[in-house]
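*Asks:* Respectively, the protein sequence lines represent chains D and L. No gaps in the numbering here: position 171 of the first sequence is 171 in the working numbering, and each next residue is one more. No gaps in the numbering here: position 53 of the second sequence is 53 in the working numbering, and each next residue is one more.
I should point out that these hints are in silico values taken from the structure, not numbers from a laboratory. Some clues are possibly wrong.
Claimed, not checked - Calculated cross-link-like contacts (lysine-lysine; reagent style PhoX-like; alpha-carbon spacing at most 25 Å):
{"id": "1", "chain 1": "D", "residue 1": "Lys346", "chain 2": "L", "residue 2": "Lys114"}
{"id": "2", "chain 1": "D", "residue 1": "Lys82", "chain 2": "L", "residue 2": "Lys34"}
{"id": "3", "chain 1": "D", "residue 1": "Lys82", "chain 2": "D", "residue 2": "Lys54"}
{"id": "4", "chain 1": "D", "residue 1": "Lys86", "chain 2": "L", "residue 2": "Lys34"}
Since the structure is predicted, the reported quantities are computational estimates derived from the model, not experimental observations.
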Amino acid sequence: MSQGIDLQDSFIQLLVQLGLPTGLAKALWLPLPMTLMLISATVSIFVTVWLERKISAAAQQRIGPEYAGPLGTLQAAADGVKLLFKEDIVPAQADSILFTLGPAIVVIPVFFSLLIVPFGQHMVITDLGIGIFLWIAMSSVTPIGLLMSGYSSNNKYSLLGGLRAAAQSISYEIPLALSVLAIVMMSNSLSTIDIVQQQSGYGILGWNIWRQPVGFLIFWIAALAECERLPFDLPEAEEELVAGYQTEYTGMKFGLFYVGSYVNLVLSALIFAILYLGGWESPISVDWLASILGISDTVPWLQVVTASLGIMMTVLKAYLLVFLAVLLRWTVPRVRIDQLLDLGWKFLLPIALVNLLLTAGLKIAFPFAFGG
Amino acid sequence: MFVLSGYEYFLVFLVICCSVPVLALTLAGLLGAKGEGAARRTTYESGMEPIGGAWIQFNIRYYMFALVFVIFDVETVFLYPWAVAFNQLGLLAFVEALIFIAILVVGLVYAWRKGALEWS
């Protein structure tokens, strides 16, 4: 098993060799991956918005954005700048403190969850022991922000939208957590790094999707519902509720909801790729190829290739899922609220429980195939 | 430095993430247009004069779902340590979790039969 490159160690060693104390070198390293991650998250919003608009346009035989930048790639950036210059209106009837706090509470946990998303063996901000559990915990904070903004607007549409959003989130959180539990059981760890490593070694055949086909579907449906994507976009169903909890929001506060929802989509796709599609692993194991070609896995250029390939693979898998989500948006009609709750409580929850117990049973019967 | 070593990143990243909305809103507050007039601050109700506020007492139908959610969310919290340590626990832990889940499934069936999961 190759260790891969460790940028943190190399960076700190370089600085220590230059005569800096170790503590200072570590402190200098600290903000680097975080800033990089936040910049990538911002870029991913632009990419995702552009992709969504272009794919939607293609699905409806339109052209989509084309004037701002080549092929309209700068459209999302232009929209963002426009939002920055818009007036921030707080309705006279609203509770202004909660009204401002709402979008912040929606955005913070989404960005914070990026802490545990790995792009390689050491390509993660920090390998927390609780890993995936942090994401589950953070995703339950978001509905509080939605409820807060819906209630504080003092608008009937907002209130109903906020309540719907909270009900939807809590209904799909349990199937989501239970399908993640099955993966955790197979990996014997909550750490995202361990979860990917447990899938490595056999290329595409080792990925969790083959061992957890049911969990995979549950997770996909529940993740779409958590992101409030069509067919589960009831909280902001524009034909019924104007814009749900966002109705009264203008300018950058509306922009924060927008940013939050797109980062959440990308984040869910990344987590999905890590849990079920082998994270940074290539479909054909690089280690295996190297051993066939007789290249030692300590060769520096091979490590660089592996690391870059890992980042590319993670992003590629995530965007494949984003593409699927966008196509689903134009394929499936929106469900009704009673259908939504029925699907969550009477279908996904029992199936997720059975899936978990089945995984536990199979793990006892075939310890080798299910993570020992 | 910290009691929980390895959590420095956690704290620093939390601070950075909290500063994202603060920065965005401050920047928008500085750059944004300033409008006047009381009419723009009225509550939106599809162009009509708003009839009454939204802060009234009404039947929130999601109430029962929220109660059932609490039960099952606590269940998953109990199951996480079980799942992580499952490879060391063996058959007995499996049977115990089976009993634990069975009790909760009885609760789910009860709530289902009582109509707590119905949208009526």
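*Asks:* For each hint, tell me whether it holds in the structure or not.
*Replies:* For each hint, the structure was consulted:
{"no.": "1", "hint": "Lys346(D) / Lys114(L)", "in the structure": "holds (14 Å)"}
{"no.": "2", "hint": "Lys82(D) / Lys34(L)", "in the structure": "holds (14 Å)"}
{"no.": "3", "hint": "Lys82(D) / Lys54(D)", "in the structure": "holds (20 Å)"}
{"no.": "4", "hint": "Lys86(D) / Lys34(L)", "in the structure": "holds (8 Å)"}
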